[in-house]
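K.L.:
Residue strings, one per chain:
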Amino acid sequence: MEERNYICTACPMGCKLIVRMEGDEVVKILGNRCRKGETFGRQEAIAPQRMLASTVRVPNGFHPLLPVYTKGSIPKRKILEVLEKIRDVEVMAPIKAEDVIIANVIGTGVDVIASRDMPAKN
Amino acid sequence: MLIKKQYDVVVIGSGPGGLAAAIDAKKSGADDILVIERDVELGGILLQCIHNGFGLQTFKEDLPGPEYAQRYINEARTLGITFLMDTMVMDVTSQRRLYLSSRDFGYLEVDAHAIVLAMGCRERTRAQVRLPGYRPNGVFTAGTAQRWVNVEGYMPGNKFVILGSGDIGMIMARRLTFEGAHVERVLEIQSYLSGLSRNYVQCLEDWGIPLQLNHTIKKIMGKNRVEAIEAVAVDEKWNFIPGTEEVIPCDTLLLSVGLIPENELSKKAGVALDPVTGGPFVDEHFQTSVPGIFAAGNVVHVYDLVDYVSMAGSEAGRSAAEFALAEKARAARYIPLVPGKNVRYIVPHKLDKKALEKGDISLQMRVTRPIEEDVWLEVRGDENSIVRRSERYVRPGEMVTIVLKPKMAAEVEKTGKLTVDIYPKSEA
Chain A
3 MEERNYICTA CPMGCKLIVR MEGDEVVKIL GNRCRKGETF GRQEAIAPQR
53 MLASTVRVPN GFHPLLPVYT KGSIPKRKIL EVLEKIRDVE VMAPIKAEDV
103 IIANVIGTGV DVIASRDMPA KN
Chain B
7 MLIKKQYDVV VIGSGPGGLA AAIDAKKSGA DDILVIERDV ELGGILLQCI
57 HNGFGLQTFK EDLPGPEYAQ RYINEARTLG ITFLMDTMVM DVTSQRRLYL
107 SSRDFGYLEV DAHAIVLAMG CRERTRAQVR LPGYRPNGVF TAGTAQRWVN
157 VEGYMPGNKF VILGSGDIGM IMARRLTFEG AHVERVLEIQ SYLSGLSRNY
207 VQCLEDWGIP LQLNHTIKKI MGKNRVEAIE AVAVDEKWNF IPGTEEVIPC
257 DTLLLSVGLI PENELSKKAG VALDPVTGGP FVDEHFQTSV PGIFAAGNVV
307 HVYDLVDYVS MAGSEAGRSA AEFALAEKAR AARYIPLVPG KNVRYIVPHK
357 LDKKALEKGD ISLQMRVTRP IEEDVWLEVR GDENSIVRRS ERYVRPGEMV
407 TIVLKPKMAA EVEKTGKLTV DIYPKSEA
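Residue numbers (the numbering used here), protein chains in the order written: chain A, 3 to 124; chain B, 7 to 434.
To be clear, the hints were calculated from the coordinates, so they are not data collected in a lab.
Be aware that one or more of the hints could be misleading.
[Stated by the list, open to error] Simulated coverage check for chain A against chain B, where a stretch passes if three residues somewhere in it have a Cβ under 8 Å from a Cβ of chain B:
1. 46-55
2. 60-69
[Said to hold, decoys possible] To be clear about the criterion: a stretch of chain B counts as covered by chain A if any three or more of its residues have a C-beta under 8 Å from a C-beta of chain A, and this derived list gives those stretches:
3. 203-212
4. 382-394
Where is the CB? At the ideal position from N, CA and C, for every residue including glycine.
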């Protein structure tokens, strides 16, 4: 039996999790204060997931950058690849919050969406 | 858009505290609400906090800062709140008068029945943590770097050291890594992390950025631009431990060494401040030591979560609305006494309409010039004459008195103001 230690990032509480593994299988999760912790611990031990936020260029925007984020979490190991994809994107204002900027980014099944309204430059 | 002279509630700042205050003041029955913002758009610092983690309590969603702000902005817009952008509040008095300098409207004076202070906080700077060494270009607060990288599209450097393990510093460590920079080290003088553990995991651990506790900066090196910093270990009293120095080459140093409530305006209004928090002393409704002036959010004390800032803003907004409505009702009981023909001034300046029910009220005044013949002293309402008596002459040196009697109460009740004229009978 293997014990792994994680800090839960599902909320700002930061619970200290102990995940007991039997080979590749999670057998017990300790230290969580809610169900989200259970889900996080299991996921973290098997295939860690993260939400990702970055920016894309808006040449005609009120600001030169539009903040964007992944509508759900994506595999942690795919973050750099998604960032590269985001870096290549340019959009035109006006944009509305939650507009889809990249649908199903690199096949993760998760959309990259706008974090705010972005009016065009006057 | 027209800016009025008088508002029920004026909110200073449109960050999460200010927006929640304005929204809840409106919902609690205050009609005229003005939000004053010095930036050109609403939302405050949330706009540069593009990382997620906001709104887990308020919306049960994991949102980035701009999206969290957007929801409040959208709601405030639908409620018909007035926003005055690109405007600095230069002064506030304890009588709740505000002096403003606005890009679009120039100099303005505005009165408020209630005020909500929502100016947020500011970052500690290099001067406030007394960092020795040269003073080259390349030393920034983490929040400044955040604004540049996330909003304005500038990279402040390539090779970073971050002093302080505050949340903004850790979040910037990850953000800069995403943008291709190298973050060499995060140094923390205390023996524990000063931000949230989740940020240590997601921002530092995930990206292999080393954190050194019990470490600080002994010296900043580089004459024109930062070239390196000298890190050093400290004991429990924060004394440098000789022999532990390490020179870390870098071109930029970010400071994430704490936030201080922003209360320059509060001081001007005479609001008493708690030396521990740096923010106003408040009661359970977030009313400060000055009646009618409320405070909400990071201006009171520095929060860890925006959701709590919004909750505080809501409470302050509700309380401010309640205060404003009571104040308005009190003000509506009064009518002004207006000096008319040949009258220089009248004391009292205003009159409680109900006061006449309790007894006589004497109006004392002086005339503008002598009139050496028979005169009428006349008190008029909006439509009718209320009382008129004669005098053989009037002179500025001799005070004139007119008495209002309880029998006139009904007439006074009906009018919006009382005007006093003094004129020769020959002109009547």
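K.L.:
Could you run down the list of hints and mark each one as holding or not?
P.N.:
Now the hints, each set against the structure:
Only residues whose C-beta sits within less than 8 Å of a C-beta in chain B count toward coverage, and the region 46-55 of chain A has 3 of them, enough to reach three; the restraint holds. Taking a C-beta to C-beta cut-off of 8 Å, the region 60-69 of chain A contributes 5 residues in contact with chain B, enough for the three needed, and the coverage statement holds. Counting residues of the region 203-212 of chain B whose beta carbon lies closer than 8 Å to any beta carbon of chain A gives 6, which meets the minimum of three for the stated coverage. Beta-carbon proximity to chain A at under 8 Å applies to 0 residues in the region 382-394 of chain B; the threshold of 3 is not reached and the given coverage is violated.
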